[in-house]
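Novice: Here is what each chain is made of, one letter per residue.
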Amino acid sequence: MRWLWIDRITDLIAGERASAIKAVSLAEEHLHDHFEGDPSTGRSALPVMPGTLILEGMAQTAGILVGYSSGFREKVVLAKVVRADLSLDALPGHVIRYDVRITQISPQGAATAGDVWLSDAADLNSPPRRLGTIDLIFSHIDQNMAGSEFGDHNFVFGESFWTLLRLSGVQPPSA
Amino acid sequence: MTREDIFDKVRGVLIEALALDEDEVTPNAKLTSDLGAESIDFLDIQFQLEQAFGFKIEQGELFPENVQQDPEFVQGGKVTEKGIVALKEKLPHADFTELQSDPRVSRVPELFTVDAIVNFCQRKLAASA
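First to last, the sequence lines map onto chains W and B. 566 is the number of the first residue of the first sequence in the working numbering; add one for each residue after it. 361 is the number of the first residue of the second sequence in the working numbering; add one for each residue after it.
Hints listed in this document are in silico derivations from the structure and should not be mistaken for laboratory results. Be aware that one or more of the hints could be misleading.
Unchecked claim - A short, non-exhaustive set of chain B residues, derived as facing chain W with CB atoms under 7 Å:
id : residue
1  : ASP404
2  : PHE407
3  : VAL427
Stated by the list, open to error - SDA-like mimics (lysine to any residue), calculated; alpha carbons at most 25 Å apart, straight line:
id : chain 1 : residue 1 : chain 2 : residue 2
4  : W       : LYS645    : B       : LEU378
5  : W       : LYS645    : B       : GLU458
6  : B       : LYS416    : W       : ARG666
7  : B       : LYS438    : B       : GLU458
8  : W       : LYS645    : B       : LYS438
9  : W       : LYS645    : B       : GLU418
10 : B       : LYS416    : W       : ARG648
Stated by the list, open to error - Where chain B lies over chain W, by a calculated footprint (3+ residues, C-beta under 8 Å):
id : stretch
11 : 644-651
12 : 664-673
Given the structure is predicted, the values throughout are model-derived calculations rather than measurements. No residue lacks a Cβ here, since even glycine has one placed at the ideal position from N, Cα and C.
Produce the entire structure from the sequences given, and follow the hints as far as they go.
Specialist: In structure tokens, the structure reads:
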């Protein structure tokens, strides 16, 4: 099972845009180590969603958008982080929203531009705050790694992605 | 658009795509060996050129494909005469002087200089004018 860093897709338009949310929970074990306290210095623990995993959440949201745009025929792989600026901490009880749009798409891959927003689950009436921006480039690897064979099986979009899509009300593309 | 204007735009794209300083982008600089471009940067550069100039670049138009995999074009790690002809046809914007004197296949990426990109953009703009 691939480790998913988004809980639900809330918007998905092929070739155009997607949104997804992720609820941050203190039950997630990695928050216990990031950052753990140090009793010898008296430093308290500070559970913060790691920026790298926020980036992964955007990569999954954008990757699904790019994959969906080709009817999931292409193997979509994150190729380059063009820009990632994150300026707020996502803490337990926060909801992260990823908004992403395709800026360019070609047979070889796609470029996406995304915004990350932060809401407090305890105060959903307040407007979300901008957590950052993440721009990415994806490769359709079968179109780029000339001479390499990756087979027919699309290992990028596995069963866990289909579960996420189904739970989000997204119909799989017709075969 | 003058060649200087095109160069300025290309320089802007390369600074952005490869995180360079302005003075690093000289006409003769090679994208890979001088400016540190890796294979995936070529897709980024292609996308950014399309946005900067407003034209569409087809697959294989700016950077070649399937030449290095063809046994007729590459033998014993070197680009054959036939291969050079095929590459020249695909890449009229590149200067082949160095590759012809040393046709090792590992030197093919060195065809892509800043000047070659500027030539390519100039030809594209002229064709669409």
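Novice: Taking the earlier hints as the rules, which of them does this structure contradict?
Specialist: Hints 3, 5, 8 contradicted; others consistent.
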